[in-house]
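Line by line, the protein sequences are chains A and B.
UniProt numbering numbers the first residue of the first sequence as 1 and each following residue consecutively.
UniProt numbering numbers the first residue of the second sequence as 1 and each following residue consecutively.
Fair warning: there could be bad hints in the mix.
No distinction is drawn between identical chains; accordingly, a pair holds when it is met within one copy or between any pair of copies.
Below, a list of computed lysine-lysine pairs in the DSBU-like style, where the Cα atoms sit at most 35 Å apart [what the hints assert, rightly or not]:
| no. | residue 1 | residue 2 |
| --- | --- | --- |
| 1 | K470 | K300 |
| 2 | K300 | K81 |
| 3 | K456 | K268 |
| 4 | K402 | K81 |
| 5 | K114 | K203 |
| 6 | K283 | K460 |
| 7 | K403 | K470 |
| 8 | K268 | K339 |
| 9 | K368 | K282 |
| 10 | K268 | K200 |
| 11 | K282 | K339 |
| 12 | K268 | K282 |
| 13 | K300 | K168 |
| 14 | K114 | K81 |
| 15 | K403 | K283 |
| 16 | K368 | K470 |
| 17 | K339 | K283 |
| 18 | K339 | K276 |
| 19 | K81 | K456 |
| 20 | K470 | K282 |
| 21 | K403 | K81 |
| 22 | K283 | K168 |
| 23 | K203 | K460 |
| 24 | K460 | K276 |
Note that these hints are calculated values from the structure, not bench results.
Quick caveat, the model's predicted, so the values are computed rather than measured.
2 protein chains.
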Amino acid sequence: MSPRQIEVSEPREIGITELVLRDGHQSLLATRMAMEDMVGACADIDAAGYWSVECWGGATYDSCIRFLNEDPWERLRTFRKLLPNSRLQMLLRGQNLLGYRHYEDEVVDRFVDKSAEAGMDVFRVFDAMNDPRNLEHAMAAVKKVGKHAQGTICYTISPVHTVEGYVKLAGELLDMGADSIALKDMAALLKPQPAYDIVKAVKDTYGDVQINVHCHSTTGVTQVSLMKAIEAGADVVDASVSSMSLGPGHNPTESVVEMLEGTGYTTKIDMARVYKVRDHFKKIRPKYAEFESKTLVDTKIFDSQIPGGMLSNMESQLRAQGAADRTDEVMAMVPICRKDAGYPPLVTPSSQIVGTQAVFNVLMGEYKVMTGEFADMMLGYYGASPAPRNPEVIALAAEQAKKEPITVRPADLLAPEWDSLVEQASALPGYDGTEEDVLTFALFPGVAPTFFEHRKEGPKSVARTEAQMKAAAEGQANALSGPITYNVTVNGASHTVSVEPA
Amino acid sequence: MSPRQIEVSEPREIGITELVLRDGHQSLLATRMAMEDMVGACADIDAAGYWSVECWGGATYDSCIRFLNEDPWERLRTFRKLLPNSRLQMLLRGQNLLGYRHYEDEVVDRFVDKSAEAGMDVFRVFDAMNDPRNLEHAMAAVKKVGKHAQGTICYTISPVHTVEGYVKLAGELLDMGADSIALKDMAALLKPQPAYDIVKAVKDTYGDVQINVHCHSTTGVTQVSLMKAIEAGADVVDASVSSMSLGPGHNPTESVVEMLEGTGYTTKIDMARVYKVRDHFKKIRPKYAEFESKTLVDTKIFDSQIPGGMLSNMESQLRAQGAADRTDEVMAMVPICRKDAGYPPLVTPSSQIVGTQAVFNVLMGEYKVMTGEFADMMLGYYGASPAPRNPEVIALAAEQAKKEPITVRPADLLAPEWDSLVEQASALPGYDGTEEDVLTFALFPGVAPTFFEHRKEGPKSVARTEAQMKAAAEGQANALSGPITYNVTVNGASHTVSVEPA
Numbered sequence: 001m002s003p004r005q006i007e008v009s010e011p012r013e014i015g016i017t018e019l020v021l022r023d024g025h026q027s028l029l030a031t032r033m034a035m036e037d038m039v040g041a042c043a044d045i046d047a048a049g050y051w052s053v054e055c056w057g058g059a060t061y062d063s064c065i066r067f068l069n070e071d072p073w074e075r076l077r078t079f080r081k082l083l084p085n086s087r088l089q090m091l092l093r094g095q096n097l098l099g100y101r102h103y104e105d106e107v108v109d110r111f112v113d114k115s116a117e118a119g120m121d122v123f124r125v126f127d128a129m130n131d132p133r134n135l136e137h138a139m140a141a142v143k144k145v146g147k148h149a150q151g152t153i154c155y156t157i158s159p160v161h162t163v164e165g166y167v168k169l170a171g172e173l174l175d176m177g178a179d180s181i182a183l184k185d186m187a188a189l190l191k192p193q194p195a196y197d198i199v200k201a202v203k204d205t206y207g208d209v210q211i212n213v214h215c216h217s218t219t220g221v222t223q224v225s226l227m228k229a230i231e232a233g234a235d236v237v238d239a240s241v242s243s244m245s246l247g248p249g250h251n252p253t254e255s256v257v258e259m260l261e262g263t264g265y266t267t268k269i270d271m272a273r274v275y276k277v278r279d280h281f282k283k284i285r286p287k288y289a290e291f292e293s294k295t296l297v298d299t300k301i302f303d304s305q306i307p308g309g310m311l312s313n314m315e316s317q318l319r320a321q322g323a324a325d326r327t328d329e330v331m332a333m334v335p336i337c338r339k340d341a342g343y344p345p346l347v348t349p350s351s352q353i354v355g356t357q358a359v360f361n362v363l364m365g366e367y368k369v370m371t372g373e374f375a376d377m378m379l380g381y382y383g384a385s386p387a388p389r390n391p392e393v394i395a396l397a398a399e400q401a402k403k404e405p406i407t408v409r410p411a412d413l414l415a416p417e418w419d420s421l422v423e424q425a426s427a428l429p430g431y432d433g434t435e436e437d438v439l440t441f442a443l444f445p446g447v448a449p450t451f452f453e454h455r456k457e458g459p460k461s462v463a464r465t466e467a468q469m470k471a472a473a474e475g476q477a478n479a480l481s482g483p484i485t486y487n488v489t490v491n492g493a494s495h496t497v498s499v500e501p502a
Numbered sequence: 001m002s003p004r005q006i007e008v009s010e011p012r013e014i015g016i017t018e019l020v021l022r023d024g025h026q027s028l029l030a031t032r033m034a035m036e037d038m039v040g041a042c043a044d045i046d047a048a049g050y051w052s053v054e055c056w057g058g059a060t061y062d063s064c065i066r067f068l069n070e071d072p073w074e075r076l077r078t079f080r081k082l083l084p085n086s087r088l089q090m091l092l093r094g095q096n097l098l099g100y101r102h103y104e105d106e107v108v109d110r111f112v113d114k115s116a117e118a119g120m121d122v123f124r125v126f127d128a129m130n131d132p133r134n135l136e137h138a139m140a141a142v143k144k145v146g147k148h149a150q151g152t153i154c155y156t157i158s159p160v161h162t163v164e165g166y167v168k169l170a171g172e173l174l175d176m177g178a179d180s181i182a183l184k185d186m187a188a189l190l191k192p193q194p195a196y197d198i199v200k201a202v203k204d205t206y207g208d209v210q211i212n213v214h215c216h217s218t219t220g221v222t223q224v225s226l227m228k229a230i231e232a233g234a235d236v237v238d239a240s241v242s243s244m245s246l247g248p249g250h251n252p253t254e255s256v257v258e259m260l261e262g263t264g265y266t267t268k269i270d271m272a273r274v275y276k277v278r279d280h281f282k283k284i285r286p287k288y289a290e291f292e293s294k295t296l297v298d299t300k301i302f303d304s305q306i307p308g309g310m311l312s313n314m315e316s317q318l319r320a321q322g323a324a325d326r327t328d329e330v331m332a333m334v335p336i337c338r339k340d341a342g343y344p345p346l347v348t349p350s351s352q353i354v355g356t357q358a359v360f361n362v363l364m365g366e367y368k369v370m371t372g373e374f375a376d377m378m379l380g381y382y383g384a385s386p387a388p389r390n391p392e393v394i395a396l397a398a399e400q401a402k403k404e405p406i407t408v409r410p411a412d413l414l415a416p417e418w419d420s421l422v423e424q425a426s427a428l429p430g431y432d433g434t435e436e437d438v439l440t441f442a443l444f445p446g447v448a449p450t451f452f453e454h455r456k457e458g459p460k461s462v463a464r465t466e467a468q469m470k471a472a473a474e475g476q477a478n479a480l481s482g483p484i485t486y487n488v489t490v491n492g493a494s495h496t497v498s499v500e501p502a
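In isolation and in its complexed conformation, chain A is listed as follows (with noise of 0.2 Å):
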């Protein structure tokens, strides 16, 4: 028995993750933020009494090299140096481990060393498929460095889901020796029941095991779930601060706090560093505004199970082709090919390669043209499936990619690589000699060697700057800050007339 049912009268202490350095903008502002508008707030976040901050990890990575020509190693050791007193976390995707294919074991332990090296603590590991063998190396990564190894449950609804089946998953992953559960809800799908059922059925099963519950907030209903995961036993539930909150992103980290005040539960927050935390982030985020979200709230998404972040690529998708109004039938297509591929469910990757086949199937007819991404995840390429694949589609993958199905774990089919990686790596203008630079590379092969090249430039944010700001502000017309160029015709004549403030 817990102390917690014998002490009813004490209230039991729920830990916070903030989710601000890391999936607060991800998914509010795109990943843009940059460093510079992150440090201001690090003294208060590490004072404020987090259970954990999440500041690394899942599309940080490839955004700091992408779009801000930041390196990611160097943003970890300076949240380190910045946050001393937190744990640090991060998501990481398993076999993939913040990349977009699967990679030979010997990547994955060189990954989770380095950035254990770098300061990380917590690992939150997840993978899209729920397939365990996809985690357990990670998993047993994290271990070997001494870290704290989350095991992560993908939450979805399907005809296949259920709280026994979750309940199973968990114990697999304490099988691997993970430190603590993270039921992960990255669309927003977790109501109140489930969050109750799951959460208490985990703990009924295995004991006072840690579990971490990661909701999103887009379709309304999710403070209710944190409150009845609470109830159910959660340990720790994940917020962002309230300027940094709500849509696409997260419940509000004061409000969380708040709504648990007279109840059988408390948190050891500090409020007046939250609100420092808040009044930074709230002069910082109109300076992305042109990456933001437009969502508040969705509950559509409980028909389609289509996360927003996925609608959207969608629909660029359609507008590339000059599709754009058949997202009625992409959206009444995707939960056919979830159902095709086994209901996985919908986050990094299997989202984008669900989404975009079904976008395929609408513009081209019906598996007439699979990606190979589809076609490799209906081959096995991707894990195990929660339910079986469709055989028919199976077949076409086959004929279309000339490549068999499989069952094993699909990282036992690689071969080691970390040499061929090194050599690659090493063949690269700027290339630094760590092995840091040959992970940026291994993830991100396209992308590294422009990074590589103009890192030495240094950060370039992508926020508006001040001037912008007022400029925008102010309105357009009459905030010429420098010239503009016309046509200009007079009577019939045409001249190139250039206009600016006198």
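Place chain B on chain A using the hints.
Coordinates of chain B only, in the frame set by chain A:
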């Protein structure tokens, strides 16, 4: 024992009051929505299966005649026609009706009579001081015309506000014949635990009385409060369709419906209809962007107890005095004034009265100049306060206002006034001879004359036009899509100039 305690296997049905036609746009768009922007949603609202549709009262009457040149009684009759299957609901400030002073009982009777005649079904009656004597005549008037009299508890936080106090107030409302009890959380202060405790205690004390719970969403905790209120036995909860929700508004209707799935509670809401309502207001809302509040989440309200609307009001008063930098002092002064006044809830009109006095105290010294309204509040002319008022400030109020403190029901001091109101209204150009016009004059004597005079010109929307929306979307300077022709005079000579992007 109520049926729900026996049949635990059958989900208990929860009703929803849809707020979008009144408090939704009042809270988000400063009550500026024109009737023409609501009619298109009515058929779907009417068929969605709500317990009631709030569509009148509060600030809408004032806004109709002050800003929109709409006759509020016409608006009510139109809603009655367009929502034939719905219970129409209004918010009524007890003896204040929809104005800002106390009215003599006959005026209250006539107002309720005419509202019922025009189609009102459910009267949510409240008093800003929670003084039952200020509600009892209005409640009796509603009972007399055979309509639903909903007695209201205004929820607030103070050292003297307790669950027991709210239960006692509920009992006094039931003694007046209340058909239901509303727990009204106008400032989003109601946390989950007190929501549960109050609803539970009222049910435990008085049996199965219907309880409606109304929360704003500003603090980000009240969706959870609605859940806990439902678990405690609440029967109806208020919500506003998602495209007109959150921030200083309310929890999203769709999210309230969805959060109950799989629990012991259910609704009979037709989501297909709700989505049509959502899509309707998604298009309408941007037309009123200039009136929109910027606040999305603010938990600081828990400390200051200053509702968002009150804060922006105080800030604009300070700006007008060139003292915008003194907001913090005023925010610290509000709790002092509120304590001196005996801890009234802060809601129209008490929020404005306390807020304005706080501004005066900061600018001119503590109680050096008292507003007439604050002096009246100190002297009992708004009713009894929850706690004793500060005797020193009462003495100052008596001195400055040259009035004696009272302990009777304020309206008891009023002489019959209906005949005089008729006489005054009759003298106004444009007065149409109806009791409705007399009531309009009684409620807003300063605005009614202009409205009567211009009523014939018909409704005047303050929304952006289609063209303005388009121009705003395209941006200004660089939104020249075709040549624009100007007449330009240079050094006295006129030229026809055509300009287009180079």
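Check your understanding: Broken hints, numbered, in rising order?
Key -> 3, 4, 7, 9, 15, 16, 21, 22 and 23
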